[in-house]
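Undergrad: Given next are the chains, with one letter for each unit.
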Amino acid sequence: MNKQRMYRIVHYAVLILLSLATLLPVLWVVLSSFKPQSELFRVPLTFIPQDWTLENYVSSLAAGNFPVYFSNTVFVAVVSTAITVLINLMAGYALAKYIFKGRDIIFTVMIATLMIPLQVIMIPIFLQLKSLGMLNSLWGIIIPPAATPTGVFLARQYLVTLPNSLIEAARIDGAREHTIFFRLILPMSKPIVATIAIFSFMWRWNDYLWPLIVITDNRKQTIQQALANFVGQLQINWSDLLAMTTIAIIPVIIVFLAFQRFFFSGIAAGSVKG
Amino acid sequence: MEIGSSTQGEPDPSDRQGCLPLGIPMKRHTKGNFHQTAAPLLFLLPNILIFGTFIIIPAIQGLRMSFTEWGVFTTPKFIGFDNFIELAGDEVFWKTFNNTIVYSFFTVALIMVYALALALLLYKNVLKGEKIFRSLFYIPSLLSMITVGIAWRFILGDEMGIINYLLRSMGGDGIRWLTDGKLAMVSIIAVSIWAQAGYYMVVLIAGLQAIPIELYEAAKIDGASAPKTFTSITLPLLRSTLLVVLVLATIASFKAYELISVMTKGGPGYATKFIVQQVYQVAFLEDRMGYASAMSIVLMLIISLFTVLQFKLSGGEADHE
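Line by line, the protein sequences are chains A and B. Counted from 1, the first sequence has number 149 at position 149 by our numbering; the numbering is strictly sequential. Counted from 1, the second sequence has number 53 at position 53 by our numbering; the numbering is strictly sequential.
FYI, nobody ran anything at the bench for these hints, they're computed from the structure. Ideal Cβ placement from N, Cα and C applies to all residues, glycine included. Among the hints, erroneous ones may be present.
What the hints assert, rightly or not - Listing some non-contacts, in silico: residues in chain A with all C-beta distances to chain B over 10 Å:
(1) Val78
(2) Leu132
(3) Pro145
(4) Phe181
(5) Pro191
(6) Asp207
Said to hold, decoys possible - DEER-style ranges, computed between Cβ atoms:
(7) B:Gly172 - A:Lys190: 55 to 65 Å
(8) B:Lys124 - A:Ala258: 43 to 53 Å
(9) B:Asp180 - A:Val43: 22 to 32 Å
(10) A:Ser38 - B:Thr75: 31 to 41 Å
What the hints assert, rightly or not - Chain A stretches covered by chain B per the calculated footprint, using a threshold of three residues with CB under 8 Å from any CB of chain B:
(11) 20–32
(12) 48–58
(13) 90–102
(14) 231–239
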């Protein structure tokens, strides 16, 4: 019995140590963003701010285009997520509940595109966007990655388990196909809609590579781009940068805390990016 | 219109059987036959258009471009295998190739060990606060690689990094975490592990929890030691999950871009420059789209090689992740 107690104490000690090591860098950034500039590199270094201040937030929000970047990012993340959920659920429904020629090939090809990372085709995508006139437009960030193989896969897996008799019954009642989808299937798909939406939002909020390819116009940039530019300067204003970084982190933490169970079940269901 | 409200109550269990071959036969209640044939295609249309326009056509185009000499403002000129021949003798490319392999090998191997260790500490649901710990370890996976890079540059930076600031204030020398060639690679690998281990921990916890508990009980009755139980029950039954982690982590490491551009910009020299960085550099800064496409093709081949290898190893088990 005593031995078991020992094990338990060691177990906890290891977990506490490792989780502290995991959290320390994040906490350091967040706490430092509330220090006045004079305290940031003052010896001895402080972990918790001695003089709490919001001046870094005020100055980074007032200076330059940061509010524009923020609203660009909110727009991209929210609109992309809505589109991603809708079109992937539609595709998943077609693949789960209809029989038609070429269905299996379409599904296989869609899943196979998982193997082509954006990094490999970013040049022809850039040229494609250029010829479609989508460069320097937020829609150029939103539309191209909106259809996702993992989204289709998750939607199909979920919808396959819904009983066919519901759809049959609706057809007998004279419901049209699109009515069945929007009035019957969509309301029954809440768990999978939530999962796809959450991962899509997180991915879009954090994404850097698509905006990097599509946007050169300063006023169309997203937060991640702005942060990368800021940290690329020779003289980094760390106080402002840490405040902006914290602002970029907060939404994802909030989404995570609010929807934790969907995160872990979503990852378990199929490792997801959007 | 309240569709299906009458049937929603008790789904007939036989329905689920009927689901197995997937889909509903079309012919039965058909007035709107055309409607039912067109419907699936219309539902699929947005996805087909997007996949076609932004993945499949570009992939084919990329392959074609790799045989051309092409800048943004010039017309492509077909030059056969010249790009690939040039690649074979391109020292910078092989340096980035080498870096990519070294980075991927150590990152993936260490992520697997560390994530598995975390998963083993947290999968049993017996400790108080286990769920909280899982969430804590997952937090770095929520952050974008740009913010991860910023956080760690704040800590490891040469001049303005917290650690070096501390060392210098105590009269010591700073450590060149990001500007010494070897050390920069080590730092990048360590940060990559820090940033991603939590995600793979969650995948592995799901795998561990799927192992039937009876097996462990039987092993206990047989008097098997803990290491014996681990090697003869846990590892074999976790094999497919470990393979999923292996492939996902490998592909992710081949794509690493943001972290490097924030932390080292590929430097010092070419010490932490990977293929993806080199592709971007050659395509968009040196304006050699054709040559950069040839590099992409090589990268694509490596990634597919690893994916095929995984399917071989897992004996063709259908893991769609």
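Undergrad: Are the hints correct? Go through all of them and say.
TA: Here is what the structure says about each hint:
no.: 1; hint: Val78; result: holds, 17 Å
no.: 2; hint: Leu132; result: violated, 8 Å
no.: 3; hint: Pro145; result: violated, 8 Å
no.: 4; hint: Phe181; result: violated, 7 Å
no.: 5; hint: Pro191; result: holds, 16 Å
no.: 6; hint: Asp207; result: violated, 8 Å
no.: 7; hint: B:Gly172 - A:Lys190: 55 to 65 Å; result: holds, 57 Å
no.: 8; hint: B:Lys124 - A:Ala258: 43 to 53 Å; result: violated, 27 Å
no.: 9; hint: B:Asp180 - A:Val43: 22 to 32 Å; result: holds, 24 Å
no.: 10; hint: A:Ser38 - B:Thr75: 31 to 41 Å; result: violated, 58 Å
no.: 11; hint: 20–32; result: holds (count 7)
no.: 12; hint: 48–58; result: violated (count 0)
no.: 13; hint: 90–102; result: holds (count 10)
no.: 14; hint: 231–239; result: holds (count 4)
The structure fails hints 2, 3, 4, 6, 8, 10 and 12 (numbered hints given earlier, in ascending order).
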